[in-house]
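> What follows is the residue order along each chain.
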Amino acid sequence: EPEVTQTPSHQVTQMGQEVILRCVPISNHLYFYWYRQILGQKVEFLVSFYNNEISEKSEIFDDQFSVERPDGSNFTLKIRSTKLEDSAMYFCASRRGDRGHGYTFGSGTRLTVV
Amino acid sequence: KQEVTQIPAALSVPEGENLVLNCSFTDSAIYNLQWFRQDPGKGLTSLLLIQSSQREQTSGRLNASLDKSSGRSTLYIAASQPGDSATYLCAVPNSGGSNYKLTFGKGTLLTVNP
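Protein chains in written order, with the numbering used here: chain A, 1 to 114; chain B, 1001 to 1114.
Do not take every clue at face value.
[Said to hold, decoys possible] Derived CB-CB ranges, DEER-like: (1) A:68 to B:1026: 30 to 36 Å; (2) A:42 to B:1055: 32 to 38 Å; (3) B:1008 to A:80: 39 to 45 Å.
No wet-lab data here; the hints were simulated from the structure.
Don't be surprised by glycine CBs; every beta carbon is placed ideally from N, CA and C.
Next comes chain B alone, as it looks inside the complex:
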């Protein structure tokens, strides 16, 4: 059974700092990994989808890396801003079948202080 762990559970940084969020998963037979952002009481906004064949994926100030063999992904946020404050979730689909149901980590709560 896939287990997804995110470290740290919470992170507080001053504005402008670069930061790294970590995600690890137990079953490395994944097709892709998706990073989401969740604002308090709100839905899940997809940030990046990184395929199993890729090492990195970039969108603006965000960069996700994937090391499938070691079961790890990182989300790098450059020049953080107060508007980046949110919970960041990583999720991987199950490898069997075609349903691709996602297993989520518990998330990292990021606070960027002005």
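Next up, chain A with everything else stripped away, as it sits in the complex:
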């Protein structure tokens, strides 16, 4: 069964550093997403991406965050200057596009900001 692949599985970074989280969505999917889950809290929406542009973003997704699909297969989330409160599990997901199919999530990247 096709998978969404995320790398790295765990990243530790110092506060103020830039991080890039990488994802390879399923190849025939059209919609791409980033979600995050702070320890003990709900999974929450960050951003959706369609047709090579952001289609929706949450209040969390401020100027410190950006997404890119540089080469038609990878989908990245960049955090420019990490804060302690950015520590969370970040999930990439993709969706084929029609309502009959749901989301496929990756296994996540655990980001720890120290």
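Starting from the known structure of chain A, fit chain B onto it as the hints suggest.
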């Protein structure tokens, strides 16, 4: 704004027991509802996707029901096994637009004791 609630927050049962997990949502104008499983520190594995036009969806020992008008879904697990121990999340997409961003419940932590 969609709110998703899951009850109970935690459940501990002996192996072999049948059990029901509950999910309720405030905005009944949903296209579908998806149940996920999350193992500790891991990603989200899709279990079942139930369309708004369906009343039930089954996969193996799992059965999900949906009552859209009352804003409720249940996940029934038959003959539970220790390997079923995990957190179970339900999620619904927003009804407006085409992004279908998901709103998640906080999950039910299930422990099946041998």
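> It remains to establish, for every hint, whether it holds in the given structure.
Cross-check of the supplied hints:
{"no.": "1", "hint": "A:68 to B:1026: 30 to 36 Å", "verdict": "holds, 34 Å"}
{"no.": "2", "hint": "A:42 to B:1055: 32 to 38 Å", "verdict": "violated, 27 Å"}
{"no.": "3", "hint": "B:1008 to A:80: 39 to 45 Å", "verdict": "holds, 40 Å"}
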